[in-house]
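Asker: Residue-level listing of the chains:
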Amino acid sequence: MASVPAVLKSEWTKIRTVSSTTWTLACALIVTVAIGAALCALMRSQFDDLKPAERLTFDPTLISFSGMILGQLAMVVFGVLVVGTEYSSGMIRSSLAAVPRRGTFLFSKLAVATLLALVVGMVTSFLTFFLGQALLGPHRTTIGSPNVLRAVVGAGLYMALIALFSMGVAAMLRSSMLSLGILMPFFFLISQILSAVPGAKNVARYFPDRAGSQIMQVVPDAMNSDPAPYGPWGGLGIMALWVVAALAGGYLVLRHRDA
Amino acid sequence: MIELEGLTKRYGSKVAVDQLSFQVRPGVVTGFLGPNGAGKSTTMRMLLDLDNPTSGSVRIDGKHYRELAEPLKYIGALLDAKAMHGGRTAYNNLLCLAQSNRIPAARVSEVLDTVGLTAVAKKKAKGFSLGMGQRLGIASALLGDPEILMFDEPVNGLDPEGIHWIRNLMKQLAGEGRTIFVSSHLMSEMALTADHLIVIGQGRLLADTSMADFIRQNSRSFVRLRSPQWERLLDVLHQAGVPFLQTGDGAIEVDNGRIEALGELAAQHQLVLHELSGQQASLEEAFMQMTAGSVEYHAHGATTPGGPPAAPPDWGGAKEAPRWGAFGQDKGV
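Protein sequences appear in the order of chains A and B. According to the numbering used here, the first sequence holds residues 1 to 259 in order. According to the numbering used here, the second sequence holds residues 1001 to 1333 in order.
In isolation and in its complexed conformation, chain B is listed as follows (with noise of 0.2 Å):
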């Protein structure tokens, strides 16, 4: 168990890490989402005690990281892959590890073997590739066997093979009751990982709810229409009383609709259709809504960042906010 509580870092006049509070529960995979910059690895990084939180604070199993006496057999974390001396062998940068925390030379082979390094144990790290280095580290965190694991964004520089290695491996320790926190600045990976989901943006808390009722949430379902004739369309819609959406493209759309209902009523008016299409959009969508008004690196070009392309302009940006916000609060962190 993992708990935060009005975790705060200031750099300067910049807030990193505002006010953060939740906690991670054992025995499921929790996601930490966030769009770059949002705060994700600083956070990470206070967990463990290597940045000093501006206030706020830190709980592993109610003690504080530091009060720990051998903090790898409690937490196991991959930070990045190049926390590792290069000039070291795989075995040897984990061997000082271990021996640190007085954690058998006998589980460096092994968890060498459970990664899959095992070939190239006796070869200097500086060698490895960024898939090579990601499993190092995820080693490394595995080395105390502990009840908590913490990867920061560990599908980084993985090939499919080892992504699918890697959800798996999650799964299979939330699986032995173990506390899985898992950072990604990707929602698609989410929903193939994590139970739980924790959403920063800015380093503040926008979500914190279970990942079913975010899909249920965030996924919405729409009915697409096109039509010549779009300004009876409009007429016959509004008369029916169906609440519709215009979108820039001279395009129709029905939340929840239904689109047997809707291709009927435009048979009945005699209407041209070019498309009635059931649509859904998808979490990667949800997610970037919400964060869209905390996203720190913009991209200028010609189509909103916030915005799926099929999305109207008045339907999606950081109007839709407050609507977020309210997770956090309902979900009684």
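So here's chain A without its partners, still in its complex pose (with noise of 0.2 Å):
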């Protein structure tokens, strides 16, 4: 049995040794903050605009964390790549032959890289909270109130969770370029226009990122959204049964198939 700790040291070099790390995890903590904090900014000065409602159920948490939406796009790809790479090069050959026990492996190189979106998940999170906080003035809320740690941190884990999930996407197809062009348009697309679809929007619901995000509420049914059958944490509790079904996919296929 190969040496875990040599294992994983050989993961971190990889990671940190290809110049799409730092792309991918730069673009998803400066659009998730830059985006956050311009929604906030509008906030501020439509709030009189907004439907009672909305104002009732104004959840300053949950804006400050808009900008997830596009920003857990580049968490898809960094996943996707540090998985499909080692395919569309070819290194998967030479990475196996050094590392032959294939969950050694992939769990090795699966936990590194979580560990670093989950890192750089937690800044992002953090950062456009107190930034979203600050730009919406008086309608602001404090890290201090009640469940607002739980969003912030929660949101951290989101981004680390939709990393993982799209890791073990991409150990299942193998292909950096097929995994890309299945979860893009349904993070992107097919889940934000189903949550908005009535009828289709009860299977939306557990989808993993509309589900995930649900740990992102403070107010309940923020913005006078549809209640969720599922509170915050059973909603990230969906989100890493998803992940667990992708992983334990991406695994039998590296298990069983020819490299």
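Read the hints as simulated data drawn from the structure, not as lab findings. Please note: incorrect hints may appear among the correct ones.
As the list claims (entries may be wrong) - One-sided and incomplete, this derived list gives chain B residues near chain A with beta-carbon spacing under 7 Å:
(1) Leu-1072
(2) Ala-1077
(3) Lys-1082
(4) Arg-1088
(5) Leu-1095
(6) Ser-1100
(7) Asn-1101
(8) His-1274
To be verified - Heads up, simulated BS3-like pairs for lysine-lysine below, C-alpha to C-alpha not over 25 Å straight-line:
(9) A:Lys-9 to B:Lys-1014
(10) A:Lys-9 to B:Lys-1126
(11) B:Lys-1171 to A:Lys-9
The structure displayed is predicted, hence computed values, not measured ones. Quick reminder that beta carbons are idealized off the backbone N, C-alpha and C, glycines included.
Bring the two chains, given one by one in their own frames, into a single complex with the hints.
Answerer: In structure tokens:
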């Protein structure tokens, strides 16, 4: 059995010596924070134009995370590339010849990449929260208010889980292009559109991103949204189940298919 | 020592590797020869546990590949030059492989120096030529200073200087007592590097023999005669009891004939000769003969790929196959 610390070290070298790591993670942070800040500034100026129901359920925490809808796409790219470039470059054959235990190889890679995504996710989450609150002015909340810290930490976890889910999908599909071709439209379009369609939204609610983002809400049914059949942690749990399924699929594919 | 036992790989109904059993012994360069599509690369991938065999097994020093704790220290392989991440530098590509097997970083610089890539160690691998990629692949094989080395078509893309270098490297490594297993589709390349030869065609073992035996048994020598009076020449040869073959182009070939004796025979009967020459069939031809029945992608041209230009139609071809098939058996693999 290969030494796990050695494999972890090797995977860390892999991840830190390619430029895609830097630009995808930087994108995730900048896009999330910039769009979050812009929306917070907009909300402040437009607050009085909101419908009464929206004003009643105004959730300053959730508003500051608005940028994640786009920022998460960069996390998807990060997750997909971490696994997918092993296949597109042909490196997978060298990697598996060096670490023939499929589980050790895959889960070491995923552990390193997810830890990095988690750190970046947390930094992004706290940064976008504090900047957003500063821009919301009189409508702001504070980190010490009930459930706010849970939402901010949860947003960081959400980012890491999105990345991990993407890694699992890329391990199953064994191709960066194919994985991005499925995940990007899914998170950016399909999930967003279906959750606005009556009927379909009861299903879309259980999609990983929809369920997982429940953790970022502080005010129940924030912004006059439909009540969800699960709580914040329940939603994150549903997302975690998706992640586990993707990882199990990825592991089985790696174990049984020819490299 | 690498041991294959009944190794078989099927893709659907197509058999890529068929019941391969042989051993690769230490201290010599073992050539693994076969035409394109014969199953060489598939076999090598199965040796490294990259592809799962349909049946049969491979043992590396008695162990299954997946049981090796730090496999790079046992077996180093060059599979293809593209098995590296183009966005990473040559040094970093090797470093991450080294780290996974607890090989010190200093060894990375050492192998880069061995393959002559020190100057481009900090360059991204995607800018590398095929030859440089090949050298990088060889460097990765050498990383763990392994007892077994496996090279899949190592001379591909190398310039003459590089080819010369890899030949010497392999001989030197074998000289140190290591097991060297190298594939090629070029007989001429094998003749220069390999001490032992394993030939496959359509996934089946065709020969497992020492290079010396192979050369002895397969270099057919014959005398080629051409005459404007060829009908009389045939009669003369017939009367003298000399076995001969007629080629398609009007020449006559006498296997293992002596030029002197044939020249004198012609003179006695006052025959005009336009050609009297000693010929040696090359190993390349012998190899083509052997695998003629098992070449997957035939070129459809005027000449049959199975036979050399000088060979008569009734001499070459797959009919000879049983003779070759016998090697594998009498070598007792």
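Asker: Would you mind marking each hint as holding or not holding in the structure?
Answerer: Here is how each hint holds up against the structure:
Checking Leu-1072 of chain B against chain A by beta carbon gives a least distance of about 5 Å; that is within 7 Å, so the hint holds. A least Cβ separation of about 6 Å between Ala-1077 of chain B and chain A falls short of the 7 Å threshold, and the interface hint therefore holds. Taking 7 Å as the C-beta contact cut-off toward chain A, the hint placing Lys-1082 of chain B at the interface holds, the least distance being around 4 Å. The interface hint given for Arg-1088 of chain B is met, as the beta carbon of that residue sits about 5 Å from the closest beta carbon of chain A, less than 7 Å.
Among the interface hints, the one on Leu-1095 of chain B holds; its C-beta lies about 6 Å from the nearest C-beta in chain A, closer than the 7 Å criterion. Given the 7 Å rule on beta carbons, the hint for Ser-1100 of chain B holds: about 4 Å separates it from the nearest Cβ of chain A. The beta carbon of Asn-1101 of chain B is positioned within 7 Å of a beta carbon in chain A (closest approach about 6 Å), and the interface hint is therefore held. For His-1274 of chain B, the interface hint is violated, the least distance from its beta-carbon to any beta-carbon of chain A being 56 Å, above 7 Å.
Distance check on the hinted pair: Lys-9 of chain A and Lys-1014 of chain B sit about 41 Å apart at the alpha-carbon level, beyond 25 Å; violated. Proposed proximity of Lys-9 of chain A and Lys-1126 of chain B is supported: the alpha carbons are some 24 Å apart, at most 25 Å. Taking the CA atoms of Lys-1171 of chain B and Lys-9 of chain A, the gap is near 35 Å; set against the 25 Å cutoff, the hint is violated.
Hints 8, 9 and 11, counting from the list given before, are not met by this structure.
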